[in-house]
Amino acid sequence: MVIFGVTGDLSRKKVMPAIYDLANRGLLPPGFALVGFARRDWADQDFAQIVHDSVREHARTEFREDVWQQLASGIRFVAGDLASDESFDELKRVVDDLDNTRGTHGNHAFYLSIPPSMFPVVVQQLQRSGLAESNQDAWRRVVIEKPFGNNLETAQELNSIVGKVFPSGSVFRIDHYLGKETVQNMLAIRFANNLYEPIWNANYVDHVQITMAEDIGIAGRAGYYDGIGAARDVIQNHLLQLMALTAMEEPTSFQADSVRIEKEKVLGAIVLPSDLTSHTARGQYAAGWQGGVEVCGYLDEDGINKDSITETFAAVRLDIDTRRWAGVPFYLRAGKRLGRRVTEVAVVFKKAPHQIFGASSTQELSNNAMVFRMQPDEGMTVRFGSKVPGTALEVRDVTMDFAYGDSFTEASPEAYERLILDVLLGDPPLFPRHEEVELQWKILDPILEHWSALGQPEQYASGGWGPHESYDMMTRDGRMWRRP
Amino acid sequence: MINLPNTQANAVAAAINQERRRMGSPAVGMVLTLLVITDELHQADALQAATQAAREHPMRIIGLIERPGRGEAHLDAQIYVGGDEGPGELIACRLHGELAKHAGSVAIPLLLPDTPVVAWWPTAGPDKPADDPIGKHAQRRITDTAESSKYLEELGVRLTHYVPGDTDLAWTRTTPWRSMLAAALDQPVGQITAAKVTVQARNPSGVLLAGWLHKRLNVPTSIAHSKEPGISKVVLTTSLGEVTLSRADGRVAQLEVPGTPASTVALSRRTLAELLAEELRRLDPDEIYAEALVGVESVLHPEVKQRA
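Chains as they are written, first to last, in my numbering: chain A, 1 to 484; chain B, 1 to 308.
Since the hints were made in silico from the structure, they are not lab data. Please note that a few of the clues may not be correct.
Calculated lysine-lysine pairs in the BS3-like style (CA-CA distance at most 30 angstroms, straight line) [stated by the list, open to error]:
1) Lys-306(A) / Lys-150(B)
2) Lys-350(A) / Lys-136(B)
3) Lys-150(B) / Lys-227(B)
4) Lys-387(A) / Lys-136(B)
Cβ pair distances, simulated, as ranges [what the hints assert, rightly or not]:
5) Arg-281(B) / Ala-192(A): 38 to 44 angstroms
6) Pro-353(A) / Asp-39(B): 31 to 37 angstroms
7) Thr-475(A) / Thr-160(B): 24 to 30 angstroms
8) Pro-87(B) / Ala-192(A): 54 to 60 angstroms
9) Thr-277(A) / Gln-18(B): 42 to 48 angstroms
10) Gln-200(B) / Pro-389(A): 29 to 35 angstroms
11) Gly-227(A) / Arg-281(B): 49 to 55 angstroms
12) Gly-478(A) / Asp-39(B): 38 to 44 angstroms
13) Glu-40(B) / Asp-275(A): 27 to 33 angstroms
14) Ala-453(A) / Arg-281(B): 51 to 57 angstroms
15) Asp-472(A) / Gln-18(B): 35 to 41 angstroms
16) Phe-349(A) / Gly-29(B): 18 to 24 angstroms
17) Gly-227(A) / Glu-40(B): 44 to 50 angstroms
18) Gln-18(B) / Gly-163(A): 41 to 47 angstroms
From the three backbone atoms N, C-alpha and C, an ideal C-beta is built for every residue, glycine too.
Just chain A, same shape as in the assembly (with noise of 0.2 angstroms):
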């Protein structure tokens, strides 16, 4: 594996730690060998030390010095130019040789974790030294990170340029909410039982509630997250893939290519409102107080303009046309600097037809909901009523929980691990293909442009659950957003 960009922060937090906690598994071929390439004047030795304090640091496993042995006699350091012919040639003549040493048989994976900037100069020239092509047994994998494009238009620009050298079944875009245990959980969950399919459907849910909230601010990542937003940052990509999966079609087969024809035909389906400013909220986190914690507003954070319209918070509803979901609104939330991080679907059901209980009795009854928690604790909560003991009858709403990282004894691979396997064993199920991303793009452009053209977004209160526009966005429907 060729890792672009070595010295970034998530190669350093996420892809080698990763690789590391494979290779303790024993899940790594053992041929297995790692080059990294930047412009560092850096030996071998110098790289393998990096990843060495990267591993100690951020592994979810325990550090064996014999493992460690026997991954970093496979590291590679190339010192170059991603403009530069020779760092390319350079490049080749390392992996040829580890392909001879190692017995890595050909077998070439290039991990771009570098900006989409750069993207045509790397691929061109992994083109040109002859890097991307394989002879008949070997194959050749390109994983990219996300944002994968900034709008539809920038988004087919990208994997036209990708994909003149590699074909849309090698190219494997990272999308890490998706290598969640949960999520794949969500759909052995759905496909798996005979439980919920039944209620799956209009007939028993009321509406659907995707959020994802993180607690921290932009935390010196202005350069990246001014100008993109909340909406381009998780809703473009996490929260409709969750949407999807949330949505789809029973696929024939766990195959990537059956996976994949549902999301595409749901994604297809998606209707955006017809008023987008009665039913989208955008606002920006406010100044002050987060978890015990005196913290700034977003346009006082260094290297943001005071007259940014960047949105912190987005929420948007969709409605899906089909027969299972007609009339069941999908409200998708996301936002920085709120009350805690949680990233979750809540399936909310419609209330009984017929309650033979008084109100009285059910008024602290809520719409029975299903929820499926990412993080932080994985795992999923049924809400519905129950009696309070008592001589008096009254039904409150009451929790089932389960909890993954307890019930399962070993610990969820984290995301990155499972996304590197499956790049490695050639398996995409999770892989949003470009064919997804261009119609995610489609969702979401109309809904940017709209926001666009109408100024600052409203502040909100950091350490709360968003504006007022969100709530009010949820009252105009007869609704109102979950507390997670």
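Given the coordinates of chain A, assemble chain B onto it according to the supplied hints.
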């Protein structure tokens, strides 16, 4: 006990999860979150009462102990999970300095999802519980007028700012008296013409009971004071004589109804834990309490013409 000095709410949440995991009971089976907004003086009794109430209502208790002052704003937390504390969890958060004014920022990340939130002020409470930074997150807001130094004004404030979901422990203390009186009036006692409540000085429960009687019976109602603990006597004057419920020692009461032999009934003053457990049994708006507050106004100020 887990001690987390100088910490943040998300670290507290993570520590609870870890502790729950360690104890092998990962799932959250709690039915509500109780926010106890208090000061150092009241916290020990209040949190102990809440812990006892948690035996009946497994819940997450979040003690928000305000320690305002000039010191640097920071959060110290202590977590008690399982053990002898009974079911549920107790998180004692000490909010130092400026943070004391922003208790909500500590509470929000720790609220259990999907289940009701109850706020309790063992120290009288804010004037407008529903607008309070903590109170607005709760569907049930429990104040305690008995803790107020100006309890009569306080009852007026409670009425003025009443929002469905408000309740008061001074009102909860009247429950056994109300059920006993209601039971007594199930028998034929004739036409009731007047009511009189005798109560210890500075006891808002007696006043609320008088307000309730006035509203319910629609008769002239008066309040007298005595030195006996709590509410000591209720007399209902009827066309057949007097219905009297009297309790001199705070434990056992005598019930006298015309034409019926006098009987002895248990009517103990209850502990804070019992009062709280009762309050948590019902979380829907307490309309009778609202009515009693209105009754209090007309008992205290009979000259003011009541709104219909």
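These are the hints, each one checked on the structure:
Between Lys-306(A) and Lys-150(B), the direct Cα distance comes to roughly 49 angstroms. Violation of the 30 angstroms bound is thereby established for this hinted pair. About 26 angstroms separates the Cα atoms of Lys-350(A) and Lys-136(B), which keeps this hinted pair within 30 angstroms; it holds. Distance restraint check for Lys-150(B) and Lys-227(B): the Cα-Cα separation of roughly 19 angstroms lies within the 30 angstroms cut-off, and the hinted pair is therefore satisfied. As the CA atoms of Lys-387(A) and Lys-136(B) are separated by approximately 26 angstroms, the hinted pair is consistent with the 30 angstroms bound.
The hint said 38 to 44 angstroms for the Cβ distance between Arg-281(B) and Ala-192(A), and at roughly 40 angstroms that hint holds. Range check, Pro-353(A) to Asp-39(B): Cβ separation about 49 angstroms, and the 31 to 37 angstroms hint is violated. For Thr-475(A) and Thr-160(B), the hinted distance range of 24 to 30 angstroms is satisfied, since their beta carbons lie about 27 angstroms from each other. Under the hint 54 to 60 angstroms, the C-beta atoms of Pro-87(B) and Ala-192(A), about 33 angstroms apart, miss the expected range.
With their beta carbons about 44 angstroms apart, Thr-277(A) and Gln-18(B) fall inside the hinted range of 42 to 48 angstroms. Checking the proposed 29 to 35 angstroms range against Gln-200(B) and Pro-389(A) shows it holds: the Cβ atoms sit about 34 angstroms from each other. Between Gly-227(A) and Arg-281(B) the Cβ separation comes to about 53 angstroms, which falls inside the hinted range of 49 to 55 angstroms. Taking the beta carbon of each, Gly-478(A) and Asp-39(B) are about 41 angstroms apart, inside 38 to 44 angstroms as hinted.
At roughly 53 angstroms, the beta carbons of Glu-40(B) and Asp-275(A) sit outside the given window of 27 to 33 angstroms. Remark: the range hint 51 to 57 angstroms for Ala-453(A) to Arg-281(B) is upheld by a beta-carbon distance near 53 angstroms. At about 38 angstroms, the beta-carbon gap between Asp-472(A) and Gln-18(B) stays in the expected band of 35 to 41 angstroms. Distance hint check for Phe-349(A) and Gly-29(B): the Cβ-Cβ separation is about 21 angstroms, which falls inside the suggested range of 18 to 24 angstroms.
Range check, Gly-227(A) to Glu-40(B): Cβ separation about 48 angstroms, and the 44 to 50 angstroms hint holds. Distance hint check: the CB atoms of Gln-18(B) and Gly-163(A) are about 46 angstroms apart, consistent with the given range 41 to 47 angstroms.
Comparing the model with each numbered hint stated earlier shows that hints 1, 6, 8, 13 do not hold.
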